[in-house]
Amino acid sequence: MNDQPLLRKILAIDDEPGILELMKNLLGPESYTVLCATGGAEGVRLNTLENPDLIILDLRMPVMGGIDTLRRIRKTDRDVRVVILTGYGDSDSIRDAADLNVSEYLSKPFENSQLIHVISNVFENPIGEIKC
Amino acid sequence: MLELKKLVYVPILHAREGAAPKKEPSAIDEMWDGIAAKIMGLALPWDKTRIYQDGLPVCGEELKVAERLAESGSRNHQLILKLVAQGAQLEGTESMELLLREHDLLNVLLMKHSGAERAAAMAQYQAKSRDLLKMRDGFIFHRIKSAILQQDLVPLVFMGVMHRVDKLLEKDFLISHVIYRLPFSSVEAIYN
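The listed protein sequences derive, respectively, from chains Y and W. Just so you know, we're using my numbering here: the first sequence kicks off at 1 and counts up by one. Just so you know, we're using my numbering here: the second sequence kicks off at 1 and counts up by one.
If we strip away everything but chain Y, and leave its shape as in the complex, we get (with noise of 0.2 Å):
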C-alpha cells in the first residue's frame, strides 16, 4: 500500500512561458504538483481534465482573459480555489473576481515567498462562496 500523500495539484495559467516556469520552479519544491496551460482555453480543458485543487490566474492574456476564463471554469466548478496574478488591477476585474469566488487577488510583482505564503494560506481557509 503506498502510504505517501497525495500531493496538492495547483494549475497555473499565464501565456508567459517564463512565469508558468518560475512556477514550476518555486512550488515544485513546496510539494506541489504543478500544471501549465498556455492560455484560456486550454486551463479550461486541463481543469476539467485534472480536477486541481487551486487555480493561479493570470487577469492579462490574449484571445481568452483571465475572467473570461474563469467564468468558463466555475460554469461546472464551483469549488476550485483560484490565486488571481494581475499587473494590471483595476476595480472592474476586483468586483468580478469577488463575484466570481476568487480567493485571493494578487498583485504583480510580487515576492517568490509571498506567493508561497498566500497559497498556504488559501489552502487554510475552508472552501466556500464568499458572500457580496
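Derived from the structure by calculation, the hints contain no laboratory data. There could be a bad hint or two in this list.
[What the hints assert, rightly or not] Below 30 Å or equal to it, Euclidean Cα-Cα: the simulated BS3-like pairs (lysine-lysine) are:
(1) Y:LYS75 / Y:LYS24
(2) Y:LYS9 / Y:LYS24
(3) Y:LYS108 / W:LYS171
(4) Y:LYS75 / W:LYS128
(5) W:LYS128 / Y:LYS108
(6) W:LYS128 / W:LYS171
(7) W:LYS82 / W:LYS5
(8) Y:LYS108 / W:LYS82
(9) Y:LYS75 / W:LYS167
(10) Y:LYS75 / W:LYS134
(11) W:LYS5 / Y:LYS108
(12) Y:LYS24 / W:LYS38
(13) W:LYS48 / Y:LYS108
(14) Y:LYS108 / W:LYS167
(15) W:LYS38 / Y:LYS75
(16) W:LYS6 / W:LYS145
(17) W:LYS5 / W:LYS171
(18) Y:LYS24 / Y:LYS108
(19) W:LYS38 / W:LYS145
(20) W:LYS145 / W:LYS5
Following the hints, position chain W against chain Y.
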C-alpha cells in the same frame, strides 16, 4: 486637450478583527502593510493630498472618528492618521443619513444568528444595500468632484471593493489604482 487630474484609488476589504491579541499578522494585516508601503512609495505631495474614506460621514468630527477607530485597532484608520501626520487632510466623505440607513440594514443582518435566518437576512441586505450603495456612491462622487476639480489637489480614495465610485470618477479623473493583495477567502463576507 484638457489633461485629466490624477486620483489615487485604493480598493479595500472591510473586516472585523477579533479583540484577542494575535500571534502573527493576519491576511488583512498583510493587506494593509502592503497598501501602506505602496502609498508611501508614491511620494504624493502630502500637503495637497485629500483623503476620502469609505464609511466616514461628513460631520465636522472626521479626524476624531478616525482616531477613535484607529485606537480600536482599525488598520485602515491607523494608516490614515499616518498620512495625516505627513500633511494630508482627511475629508468627510459620506452622507450621514445614507450611512445610518446602511447601518440599520447591517444591524438587522448581524442580529440573525441561525443559518437559515442569516441566509434570508443576507439576501434582503444585498437587495436593499445595492440601491443604497448607488446613492452613497453618487454622494461620494459629487463630494470629491466639487472639492477637487477647481483646485490643485490630489484625492486619495479608500473604498470598499463593491463600491462603484470609480466608474463615476473615471470621466473626470485619471485613476491610478493601489492594489497589493485582496484576501477574499480570509473574510466571512464582503460588506458595502
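For which of the previously enumerated hints does the structure constitute a violation, in increasing order of number? Violated hints (numbers, rising): 5 and 15; every other hint is consistent with the structure.
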